[in-house]
Amino acid sequence: MDFKAIYDHLQAIGAPGLEGCDEPRPANKEKKDKGRAGDAYVLIDPQLLPQFLHVCRDDPRLSFEMVMDLTATDPGKDDENFWVNVQLISVKHRHRLSVKSLLPKAEPKLPTCTTVHRSCQWHERECAEMYGIEFDGHPDPRHILLPDDWVGFPLRKDYEFPEEYHGISCK
Amino acid sequence: MTEQAQNQGTMTLTEGETTASGEREFMLDVRTTDLEVNMGPQHPATHGVMRILIRCDGELVTGAQPHLGYLHRCAEKIGENVEWLQYLPYTDRYDYLAAMNNNLGYSMAVEALMDIEIPRRAELIRMICAELNRIGSHLIAFGTYGLDLGAFTPFLYMFREREWMMALFEKICGARLTYSYIRIGGVFNDAPPGWLSEVERFCDVFDEKWQEYVDLLMMNQIFIKRTANVGVIPEKMAYDFGASGPMLRGSGIDFDLRRDMPYSLYGEAAEAGAFDVPIGKGEMGTLGDSWDRVYVRTIEMAESIKIVRWCLDQIQPGPVIADIPKTLRIPIGEAYVGIENPRGELGHYVVSDGGKIAVRCRVRGPSFCNLAVLEELLPGTFLADAVAIIGSTDIVIGETDR
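As they're listed, the protein sequences go chains A and B.
In terms of our numbering, the first sequence opens at residue 1 and continues consecutively.
In terms of our numbering, the second sequence opens at residue 172 and continues consecutively.
If you're looking for bench data, these hints aren't it; they were derived computationally from the structure.
Please read all numbers here as calculations on a predicted model, not as lab measurements.
Beta carbons: idealized from backbone N, C-alpha and C, even for Gly.
Take these hints with a grain of salt, some might be off.
[Claimed, not checked] BS3-like, lysine-lysine: derived pairs with alpha carbons at most 25 Å apart:
no., chain 1, residue 1, chain 2, residue 2
1, B, Lys248, A, Lys100
2, B, Lys527, A, Lys29
3, A, Lys171, A, Lys109
4, B, Lys527, A, Lys32
5, B, Lys248, B, Lys527
[Said to hold, decoys possible] So, partial list: chain A residues that the calculated Cβ filter (under 10 Å) puts toward chain B:
no., residue
6, Ala27
7, Gly35
8, Ala37
In isolation and in its complexed conformation, chain A is listed as follows (with noise of 0.2 Å):
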């Protein structure tokens, strides 16, 4: 299926937290419009994650068994949210899915989505020490590829460099 195929299809099942979708679309001066090129995504609410992979995961017609990659962004210092990005993949359909939640940068706060896919849990760990993003349930919220005493979250726009770890000088 298509991306708009499938857009339609959780709307016709009524995809937990489904709140719209975004499709790339050319410039337009005349509406002072930039445009935006890539991929087409569907926007969830964040803490209705879970439940919206579960039922990606069971339908037939969709069945993304696989999340390959489950991330953060920080488009900017001034911007509200966070970007909570999740790429699945059918290997029964060959098709994939963008998935896009936003969430507020006061309260980093989502269920993990562990529950559903096992492969999450690396992913979440990862995401939780770089963005300080909490995930409610998670099994073993421990960091995974900085050290455990790390101060600070790393891929912030806001982050700021430290000057010495340990006594190791880091300018």
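Once you have looked at the hints, place chain B on chain A.
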């Protein structure tokens, strides 16, 4: 019994039977407490700096916990601080055994945001390089796996062909390991005169040598005994952990991005029937065991040669890079592009705000996800099999840690 011995476990002495010669046998039954062993960070079988905390009861592994991050080099943070083209050399360094494929993945992700047409000759050279690099990478995977299990000879044999492959890359781009050859918009420069015919010679020689590898290692009875029925990944577990590449196909799932979600000219090659996708069949034991993964990698090398031959057939003179400015400004947007790396799906998720620098440059390394399976696979196996299982996942630490 001393207090210390009591703390460590129980020790019981039971009297056995009297043998025919009149000697009396005593049985000493020692039950110890679980022992925690650090495998790594410097251990030859972890193929880099990774530590696995293994809890074992005698020879039996009862728990395993991989610890990563020893080789974390902030690739994603660097991606948000350098220009689009400047990031390309960093892509070489995550999966350093398949740098061409990394270049290709990143270039394609950026190209997905641009309105750009890649010249046909560039696409074909890209495919040749990517497939040759896949062969090189699988050779290392295959050779070092033999080494892990105590077979020293195959490792040296593999390096013979890999050396030639690296010499070919040296001729086309000047580097032997970190190429930065595939650029946004095409490839850096055209193949030198005579290069394509040398690739053809390489294919002919490799076909012959490939049979040697099959006889030497893959069909070796000792090797089969060490790997068959060891580290079985059932279909459901492969899906659940997001395994990709040979890990997925070894479990009998017929899925290859090159054929099923084609990029570059792979769709055309698949339609022409230029290559097949090998999947594990459980010939030597259970479907999804370590041997099946080795089988998939080995057959894949022969299939890669077929793709290279198809490309050599198709190639015509022409330009090798599209017209792109020195300082790239990428249109606003976001794209995720996944390609079939030797180890699985290498995904790049790039976000642009229209400027010279990326807003987000996410790398989804296949090794990272394939490694997560270890926590589930290792408990219940023997310590000696643990090495066989880790080796069969074919991880590159540069990629898990990025």
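Structure-based check of all given hints:
no. : hint                : in the structure
1   : Lys248/B x Lys100/A : holds (21 Å)
2   : Lys527/B x Lys29/A  : holds (22 Å)
3   : Lys171/A x Lys109/A : violated (33 Å)
4   : Lys527/B x Lys32/A  : holds (21 Å)
5   : Lys248/B x Lys527/B : holds (15 Å)
6   : Ala27               : holds (8 Å)
7   : Gly35               : holds (7 Å)
8   : Ala37               : holds (3 Å)
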